[in-house]
Amino acid sequence: MPRITITVDGIRYEEDVEPRLLLVHLLRERLGKTGTPIGCDTSNCGACTVMLDGRSAKSCSVLAVQADGCDVVTIEGLGADGALHPMQRAFHEEHALQCGYCTPGMVMAAIDLLRDDADPSEETIRHGLEGNLCRCTGYCNIVRAVKRGAQEMGQGVRTP
Amino acid sequence: MTELDAGLVGEQIAESGQIAEPTGRGEIGRARRRKEDARLLTGHTRWTDNLQQPGMLQVMFLRSPMAHARITRVDVSAARDLPGVLAAFSGQDFADEQGSLPCAWPVSEDIVIPDHPPMAVSEVRYVGEAVACVVATDRYRAADALEAIEVDYEPLPAVMDMHDALTPDSPKVHESGNKAFSTTITSGDVEAAFRDAPVVIDRTYIQQRLIPSAMEPRAVLASTDGDTFTLWSSTQIPHVLRVMLAVTTGIPEHRLRVIAPDVGGGFGSKLQVTAEEVLCLLLTRRLGRPVKWSESRTEGNLTVHHGRDQIQHIRLAAEADGRIRGLRVELLADMGAYLMLVTPGVPMLGASMFNAIYKMDAYEFACTGVFTTKMPTDAYRGAGRPEATYAIERVMDELAAELGIDPLEARRRNWIRHDEFPYTTISGLTYDSGNYEAATDRAMALFGYDKLRAEQADRRDRGDPVQLGIGVSTYTEMCGLAPSRLLGMANYGAGGWEHGSVRMLPTGKVEVITGTSPHGQGHVTSWSQIAADALGVPFDDITVLHGDTAVAHKGMDTYGSRSLVIGGVAVLKACEKVKDKARKLAAHLLECSPDDLEFEAGAFKVRGTGASRTIQELAFAAFTAHDLPEGVEARLDSDATFDPDNYSFPHGTHLCAVEVDTETGMVKIRSYVAVDDVGKVVNPLIVEGQVHGGIAQGVAQALFEEAVYDADGNLLTATMADYLLPSAADLPAFTTDRTETPSTGNPLGVKGVGEAGTIASTPAVVNAVVDALRPRGVRDVQMPCTPERVWRAVQGTRGGVRS
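As given, the protein sequences belong to chains A and B, one line each in that order. Residue numbering for the first sequence follows my numbering, starting at 19 and increasing by one per position. Residue numbering for the second sequence follows my numbering, starting at 28 and increasing by one per position.
Hints are supplied without guarantee of correctness; some may be wrong.
25 Å max Cα-Cα, derived SDA-like pairs, lysine to any residue [unchecked claim]: (1) K536(B) with H71(B); (2) K165(A) with K695(B); (3) K165(A) with T762(B); (4) K165(A) with L752(B); (5) K206(B) with P133(B).
For the record, the hints were derived by calculation from the structure and aren't laboratory data.
Next up, chain A with everything else stripped away, as it sits in the complex:
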């Protein structure tokens, strides 16, 4: 069984994994990182999105062995110094979550899209979040939250 080394939310792990083990199952069932949920089996919903070496990735579409040597940040490790990340805070302020199941992935995707455009238009935000589905909010408040998060992050707040 292959052995991988992976850093998740700042902690280094060495794990023997079956080649077929999905990264999301490694996170959830081996490492206890249940903050990252699973919403589908065709990589459409984006609920399982994490940062993989600094870019968003759907952890249901990555094998654990492919993440060997990688640095993973999940929603649980996003806040710096024990505080909420500005994007998490923006989601709270704008009521951008209801049931909260899509939220971890949505927050990750939102942060990632700001890397390509730090001050995105509404249209850019909507297209940037196309791979993340929400069934509760109708996306209006998510779009508002990403705008607010972008503003706050633009004001010198460090991103992971």
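Once you have looked at the hints, place chain B on chain A.
Only chain B this time, still in chain A's reference frame:
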């Protein structure tokens, strides 16, 4: 990267609530940020699939690939021999103990409720029905083992079309035949209304089958200590589920605890007693180990109950000036293969709503429930009322077109005026309050109605390939399910009350316990606001407990936009009882008559003096019990059960403008305005969120979603790649506003809001699409109005109906 500092996050969250200034002195009406958010935003969640138990095993189900077949052999022995596999069973192994999944709503005398085994024993009737299961140490081992199970099927004919199913020579889904029930309700002289009517509109609409698609797939965890059983489930209805599981499995109710931990959306789909819940309970009983089942999305699309799926024949008779004389509705409602918890009740929830906000002299509603070899249908956001609203609002546009008047004018000539409330409708409901004129005027102003009509005329004149359509929906709905007396008259198997409790803790903090079971609706925040105002305690000093039958022992749970209008009111009433007790204690301690006390800002004050006791001081005095008056118990804690006299009737006007590209069939929503009247509002932020999400789901039915089966009964939309849920890129921003006509049916003046957006929006969007194409002779486009269907309608071929 450091661990999250719960204290710091808590402070941030607490601070943020202050950003929105209160609209008055109280909490009610204030846009409080949610208490629920911190946990959900930081991954500290308790979804059922996150939960672990010592020695826990993973369950997986083998599901039928056949829509209809006899099971002639199931061999699980090879699966049992695989490493890590503890057990494998077929339906035969459960036949003696699994009982039948319940249907709680026998809507008519003639209803046929077929036996519904949680695991198929001798016959399967839809693709996805469980035929065997494995129990293994983890999900990968379990998945391997499923492949080793052998099942032989003897195919039987699929029954897919409702009209065909009702013909005498149709193959049968059940031995009793394919008709589940039929019922007719008549009010007034319908024959007379249609006889010599100057205008008759006669239309047939298809409500396509939908997959509710809560983002959290279902999961079940069951454990036992040999005596008692605990079931965690991703459910909307822990209380109803406990009763039903006790009845179904024979596990005595007092030895069964049901917990709904964090639940990731439901929209009706988790208002169910599922096969997997029953079977996990039986498996933990049999194996003595905790067992968990986690649904895959494909499993979910196949086996979470579906919604809608009706054929609606609607006829409207009117005078030459557009005043409605009468309405006739004939429904065929696809039940799927079995009757689940409220399957037959769903179309009946629309029975009194086709007449909507309009006055008329006669009304007839007939419905036939039909069995097919598909996944059963059941409640999906709106349940019966979106169907009714869709049909009547479509027909009102047809009436306007027939008369050559504006669609809003056709409605004005028929709607109940604000000075006519309370108004008893032709279908027998009494609407307590409303102001359709005000909501419509506000919506038209926000929408820029006249300007858009002018642009539409211009585009028509120019023959612009992109045409503008304007869609109207002036809806009401009945929600707040429901008065127990009325549910009894409708032959529903339970009541519609709700329970609330308040525990006053020694330190002055407050625990509110509710029988509602939130899964995204923010009850913890809203109920805190209600209790804070009622008791005069700080919002942050209140916690709300729910979703565990051992903690919240009484409840009827969350569905049908009932939680605030019944459960929120129960919390208020429990708070009032706390105050009644506190008043007696305060009078004793202050040596005055209870009548001399006034309650203000959380304290009882003796009129005309400075003497007072805060409710927190009184809670502590009750705790120490050193000096209680005669006959007073050492607690202020109180319970209340609220049962309303009537349904709740939110209403509003939704206006939608679409641009339809007549060359490609592409529909783009240009603007959407919703003005809803949901009575008094406890938290405007949460209400707006409910409206947004509701509209999105209604738009999704209009434009995007459809569960498609092929002729053999295979579901072609079993994944999220095939079933088109709208993304952020597919939807516009919605403009929302409210008018406020307080409900007279409850002391908070509130109305339900959870389903209103979904009920209103579907006809607004489709009316807009049809409006854009009406000059080209199109009068219907079947939902979802995909580019192909719209294009075909424009071409006058299959998929659209030309007049």
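Here's how the hints hold up against the structure:
Only pairs whose Cα atoms come within 25 Å are accepted, and K536(B) paired with H71(B) is accepted, the gap being roughly 24 Å. Taking the CA atoms of K165(A) and K695(B), the gap is near 23 Å; set against the 25 Å cutoff, the hint holds. With a CA separation close to 18 Å, the supplied pair K165(A) and T762(B) stays within the 25 Å bound. A distance of roughly 23 Å separates the Cα atoms of K165(A) and L752(B); the hinted pair therefore holds under the 25 Å criterion.
Of the pairs offered as hints, the one joining K206(B) and P133(B) holds, with about 14 Å between alpha carbons and a cut-off of 25 Å not exceeded.
In this structure, none of the earlier numbered hints is contradicted; all agree with it.
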